[in-house]
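With the hints as constraints, model all of the structure from the sequences given.
Residue numbers (numbering that gives the first Met the number 0), protein chains in the order written: chain A, 0 to 294; chain B, 0 to 277.
Be aware that a few hints might be false.
Derived, one-sided and incomplete: chain A residues facing chain B with beta-carbon distance under 8 Å [to be verified]: (1) Gly-11; (2) Ser-149; (3) Gly-181; (4) Gly-183.
Because the hints were derived from the structure by calculation, they are not lab data. As the structure is a prediction and not an experimental result, all values here were calculated from the model. Note that beta-carbon positions come from the ideal geometry of N, C-alpha and C, so glycine has one too.
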Amino acid sequence: MKRITILSGKGGTGKSTMCSSLAVLLSRTKKIVVVDCDVDAPDLGLCLGVKDKDYQWNPVETSYKAELIEKKCIHCGKCRNICKFGAISWDNEKKQPIFNKLLCEGCGSCKLICPVNAIKLVKVENGKIGQVKSKYGFNIITGQLKIGESGSGKIIILIKNKAEEVAHKENAEIILIDSAAGIGCPVIASVNGSDFVIAVTEPTPSALSDLKKGLKVVEHFRIPYGLVINKFDINEEFSKKIEKFAKENNIHLLGKIPYNKEFVNALVNLTPAVVWNKKFEPIFEKIIKKIKYFA
Amino acid sequence: MRIAITGGKGGTGKSVVATALAAYFSQNKKVLLMDLDADCPNDHLILSIERKKEKNVYVMIPDFDFSKCIKCGRCSQVCMNNAIVSVKGKNPILIPEQCNGCGACAIACPVKCIGESQKTIGTIYSGKKNNIELISSDLKPGESLSEFVVNAAKKFAEPKEKDYDIILIDTSAGTHCDVISAVSGCDLALAVTEPTPLGAHDLRLILELLKILKVPVKIVLNKSTVGDKKLILKIAEEYDTEIITEIPYEKSIVKAYSKGEPIKHKSIEKIAEFLGRK
Numbered sequence: 000m001k002r003i004t005i006l007s008g009k010g011g012t013g014k015s016t017m018c019s020s021l022a023v024l025l026s027r028t029k030k031i032v033v034v035d036c037d038v039d040a041p042d043l044g045l046c047l048g049v050k051d052k053d054y055q056w057n058p059v060e061t062s063y064k065a066e067l068i069e070k071k072c073i074h075c076g077k078c079r080n081i082c083k084f085g086a087i088s089w090d091n092e093k094k095q096p097i098f099n100k101l102l103c104e105g106c107g108s109c110k111l112i113c114p115v116n117a118i119k120l121v122k123v124e125n126g127k128i129g130q131v132k133s134k135y136g137f138n139i140i141t142g143q144l145k146i147g148e149s150g151s152g153k154i155i156i157l158i159k160n161k162a163e164e165v166a167h168k169e170n171a172e173i174i175l176i177d178s179a180a181g182i183g184c185p186v187i188a189s190v191n192g193s194d195f196v197i198a199v200t201e202p203t204p205s206a207l208s209d210l211k212k213g214l215k216v217v218e219h220f221r222i223p224y225g226l227v228i229n230k231f232d233i234n235e236e237f238s239k240k241i242e243k244f245a246k247e248n249n250i251h252l253l254g255k256i257p258y259n260k261e262f263v264n265a266l267v268n269l270t271p272a273v274v275w276n277k278k279f280e281p282i283f284e285k286i287i288k289k290i291k292y293f294a
Numbered sequence: 000m001r002i003a004i005t006g007g008k009g010g011t012g013k014s015v016v017a018t019a020l021a022a023y024f025s026q027n028k029k030v031l032l033m034d035l036d037a038d039c040p041n042d043h044l045i046l047s048i049e050r051k052k053e054k055n056v057y058v059m060i061p062d063f064d065f066s067k068c069i070k071c072g073r074c075s076q077v078c079m080n081n082a083i084v085s086v087k088g089k090n091p092i093l094i095p096e097q098c099n100g101c102g103a104c105a106i107a108c109p110v111k112c113i114g115e116s117q118k119t120i121g122t123i124y125s126g127k128k129n130n131i132e133l134i135s136s137d138l139k140p141g142e143s144l145s146e147f148v149v150n151a152a153k154k155f156a157e158p159k160e161k162d163y164d165i166i167l168i169d170t171s172a173g174t175h176c177d178v179i180s181a182v183s184g185c186d187l188a189l190a191v192t193e194p195t196p197l198g199a200h201d202l203r204l205i206l207e208l209l210k211i212l213k214v215p216v217k218i219v220l221n222k223s224t225v226g227d228k229k230l231i232l233k234i235a236e237e238y239d240t241e242i243i244t245e246i247p248y249e250k251s252i253v254k255a256y257s258k259g260e261p262i263k264h265k266s267i268e269k270i271a272e273f274l275g276r277k
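Set out below in structure tokens:
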């Protein structure tokens, strides 16, 4: 089984558009499982015609928050300056700590320093994991971070475990993973353990700069990867610059996708581009051919 | 006045709006622009500002003195990030990528054999052009603590704030800790979105977050001429806010954007006028 992850660094370069079209085409000849690891803003389902209410959701608890047991507190103030995340402030009247739930990382330092066990760590429901069978036949696994909670990375690990479980049950050959924008903890959790990464970029200085940072993460994990330039014709000159960068760094160019308003129309109609308009099929087929060669 | 530019979905045009506003205001105001998208900071590219390094951002990670270690495994037990592996009878092993520098292991160690060492996780840069000063946060690839770099940049900028007429804060995509750190304490947030089901879906999430953080918000509708505006109007009404400007999908705008220049458009002036009334 191969785990293929789509990454971009910069947001809005077309990861989910790319992922939905690749998923539909791949699923015609192979058993696949599709995973949306953008738990901050999970949109992949929408690209495949699935709405939030269609999923079967299960709550997850991957985060802890500190809580004070007031009657045990001896007001010693040892917890006052221990928090590295700025989540503890001091109530001067009651002479006891106040925990800011939005900032608390649940590390337990305050609990450990407290001499009288007046602080406990409480497990909190910080998100949910969803599963649905799409109308194209394959399963989609997704997750959603609860607003204001932390722990995206840990939710992503659970989503990926779930995807592995489903993939094994179904004898799937490919797990196709859509990651979040950026290069931080959610992206690291998404990319880790992949067999191949598809980096999607567009011909703008911002996208190229973000791509380079994203690729450093991929290289950090020593995962082979290839590049797709989306909307290449909005600035062909800059696209050539990206191609040159790819060539100089021995990066495989998997394909170039033109800008077309029809991609937006496909999105608005919650339909993958290759289903919305068959003329897009050869573009993505070509990319798949190259992935098969390199992955 | 501190204005955050955010939006939930990636690629809706946060940096485009932030830089365009900075360029517009700089004609007669002193602008402090904070690029708090530490994962992918781009404002310096769009504004052609050369950044100079101000300082590195560190976290303190454990440094074991194995001559004192009794191999009890307590440090590994208390680590909520699974950053310390301990096998019975052997010295503990640190996985630095997993460590968030919380220091719980050092507190728990019964023989106090855990000290601290610095790990660089990012850099703060600054740059100036005309009336704009840019503070840029930049996460080191392979590191995951974006919000630490964001917080460090915010702290670095704090003493400067009084010298500026307006403070613009550009955030990353998404709704998690780095966005929370960036928008906290702002007087107003602009949620930049696009009229697609994806834009609408993620707009709802960021509006929900801003409600929890008690930051007032107005909507900037980018690429307003593609997709379906009704999707956004419905959400605006639901969250008791409004669309204050619409940026069309126009060739001139796309061209400026793809070249990496701040856009000039009457829709940006409209935001500035709105902010001017505040």
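Results of checking the hints against the structure:
Of the supplied interface hints, the one on Gly-11 of chain A holds, with its beta-carbon coming within about 1 Å of a beta-carbon of chain B, less than 8 Å. With its C-beta approaching chain B no nearer than about 5 Å, Ser-149 of chain A sits inside the 8 Å limit, and its interface hint holds. About 3 Å separates the beta-carbon of Gly-181 of chain A from the nearest beta-carbon of chain B, less than 8 Å, and the hint is met. Of the supplied interface hints, the one on Gly-183 of chain A holds, with its beta-carbon coming within about 4 Å of a beta-carbon of chain B, less than 8 Å.
This entry satisfies every hint, going by the numbered hints stated previously.
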